[in-house]
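S.K.: Given next are the chains, with one letter for each unit.
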Amino acid sequence: MDNTQKIKQFIVDEFMPDVAVDELDSDFDLLTGGVVDSLGLLQVVAWLETEFDVAVDESELGPESFRTVAAINDYIENAKGSTANA
Amino acid sequence: MITASLPDRFSDLFATQSDVAALVWQGERLSYGELGELVARFDRALSGLDLPSDRPVGIRAKKSPQAIALIISCLRAGHAFLLPSVELAPETLDQLFAQADVSLVVSPQESGALASYEPPRSGEVHWPPPAPEDVSFMLTTSGSTGLPKIVPLETQAIDRFTDWAAGQFEITPGKAVLNYAPLNFDLCLLDIWCTLKHGATVVLVDQDRATNGAYLADLIAGNGVAVVQAVPMLFRLLIDEAKAGGRTFPEVEFAMTTGDKIPSTTLKELPGILPNARFFNIYGCTETNDSLVAELDLSDGPPANVPIGQPIPGVIARIEDADGNPVEGEGQGELIVWTPFQTKGYLKAELNEGKLVSVDEGDGPRPYFRTGDIVQRAPDGTISIIGRADFYVKVRGVRVSTQVVEQAIQEHPDVIECAVVAAPDPLAGARLHACVRKGPDSKLNSLVLRKHCSERLARTEMPSTVEIVTAPLPKTSTGKVDRNRIGPHQKGAEASG
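Those protein sequences? They're chains H and W, same order as listed. With the first letter of the first sequence counted as 1, position 36 gets the number 36 in my numbering; the numbers rise by one all the way through. Start counting at 1 in the second sequence, then tack on 1000, and there's your number in my numbering.
Bound conformation, chain H alone (with noise of 0.2 Å):
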């Protein structure tokens, strides 16, 4: 299932609230934009956590995997297949 859509809203809604879902592009870089800095990147993480129900490992904890709302979904995805393997 695509989570791009989820993943859009969570970061408006978090980060940005004057703006609107659709205008937020799937590989805006939310770092170099300055959206989502070190701090928010633990909410991101958090967020993922209990809406995903995914556990996130600390050592992957690098801001690369969460640069754009696609690399967040690409996470989600890989990290739910690992689990499901399990």
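Certain hints may be false.
So the derived label-pair ranges between C-beta atoms look like this [claimed, not checked]:
hint, chain 1, residue 1, chain 2, residue 2, range
1, W, Gly-1381, H, Ala-46, 51 to 59 Å
2, H, Asp-27, W, Pro-1326, 45 to 53 Å
3, H, Leu-39, W, Ile-1416, 39 to 47 Å
4, H, Leu-39, W, Lys-1348, 38 to 46 Å
5, W, Asp-1297, H, Asp-27, 47 to 55 Å
6, H, Asn-78, W, Gly-1331, 29 to 37 Å
7, H, Ala-20, W, Asp-1260, 35 to 43 Å
Here chain W is said to cover these stretches of chain H; the calculated rule only asks that three of the stretch's residues, wherever they fall, bring their Cβ under 8 Å from a Cβ of chain W [unchecked claim]:
hint, segment
8, 8-19
9, 28-34
Keep in mind the hints are simulated off the structure, nothing from the lab. Cβ coordinates follow ideal geometry from the N, Cα and C atoms, glycine included.
We have chain H; now place chain W onto it with these hints.
M.R.: Frame of chain H; chain W shown alone:
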């Protein structure tokens, strides 16, 4: 070269130059002889007041020949005097007079008589203050917050300054020099006091007509003014007036801008109206007087960033990085200066803390003033201002200038005004918050603005929160954005279009 001190110069000038114009005021010329007669009247009025010699006097006066004569009278009698802005609220004036422990506040009357009153005493400062000797002028800083600070200046410091200025700008007997600044401004040490010391003519701008371009143009052209020192606004007014009337001012030899950054649009048009002038940008403050000067070559248009130039001979300009280490050669940091014209310190000694620092450059310790300006020194030694130290904040350990962030935001065409402040953050120390006012029909939102900024700013310079509004930002009484009233108190931002 004049070797006599300012207070001692006048007897000679009144006698030997009695027919030369000393002042031009409201269409009248007052010769040195006539000025001497006016001074003599104030000499008598002052001696009639039996002023104690060990305490200063307060002078409450707008610019006029009478006010200038009264100051000369105080100088000659050896009275230190506090000359604050008459625009200040009466309570503020009394606080200043009390702090300086003045015995009496005097105001000159047209007749040559004096009105006077005894101000309250505060006991904050006991006259004479410990450090300065031979104080004459006491000026005040133009501090935007709190009580202005009192800056006592020694006669010798003023003598060194007025002799430098006369040589630099060729102020000699017979030259006409415009005085645009109000009487209490440090700029008058050049326009009025250097001019009179050197037997030249001061053309006084009436404060009530200081924004009237036609009046200013007539004053300059009608009196053959050769030297003009003023804030950038005067030059803008002259340009607008000159364009409307198709006139130029060929008699002006020296044009000096000071006090504020001059817009390049103004600089671009200056050579057109002042065809025979040399142009200078002067940098200084009340505490140090003029410290750096740049001669501007405008023949190929204005420079992209107008420099403040090089230290005046005798001035030491030091640049310190964030850790207080000197920056040698090319580089940037806070400008710290020592000048031969500077005060020994504020009248209230505790105010010197953090502002006046002792630095030893190898020839013994000297008191330097922290200017609070962050500057860049080019390989050839030319110094330019890049921002105020007050605007530097630490975000996650990195020094960031909120001014740089504001400039980047301001470059977006939909932005009318903006302010960037550091909001305290328990984890990061500080985070940047931007409040941005957009045009009424603009579709600007935080995402568009972030895309715009990410092309211009480093990651650490990106605001954490962006608030977009359509109402004007809160302003201070002087019309500047009041950053104390801006902060991330409202979560999120206003919905846009």
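S.K.: Confirm or reject each hint.
M.R.: Hints, verified against the model:
1. W:Gly-1381 <-> H:Ala-46: 51 to 59 Å: holds (54 Å)
2. H:Asp-27 <-> W:Pro-1326: 45 to 53 Å: The hinted range 45 to 53 Å holds for Asp-27 (chain H) and Pro-1326 (chain W), with Cβ atoms some 47 Å apart.
3. H:Leu-39 <-> W:Ile-1416: 39 to 47 Å: violated (30 Å)
4. H:Leu-39 <-> W:Lys-1348: 38 to 46 Å: Holds, at about 43 Å.
5. W:Asp-1297 <-> H:Asp-27: 47 to 55 Å: holds (49 Å)
6. H:Asn-78 <-> W:Gly-1331: 29 to 37 Å: violated (47 Å)
7. H:Ala-20 <-> W:Asp-1260: 35 to 43 Å: holds (42 Å)
8. 8-19: Contact hint for the segment 8-19 of chain H vs chain W: holds, 4 residues under 8 Å.
9. 28-34: Coverage by chain W holds here, the residue count being 6 at a Cβ distance below 8 Å.
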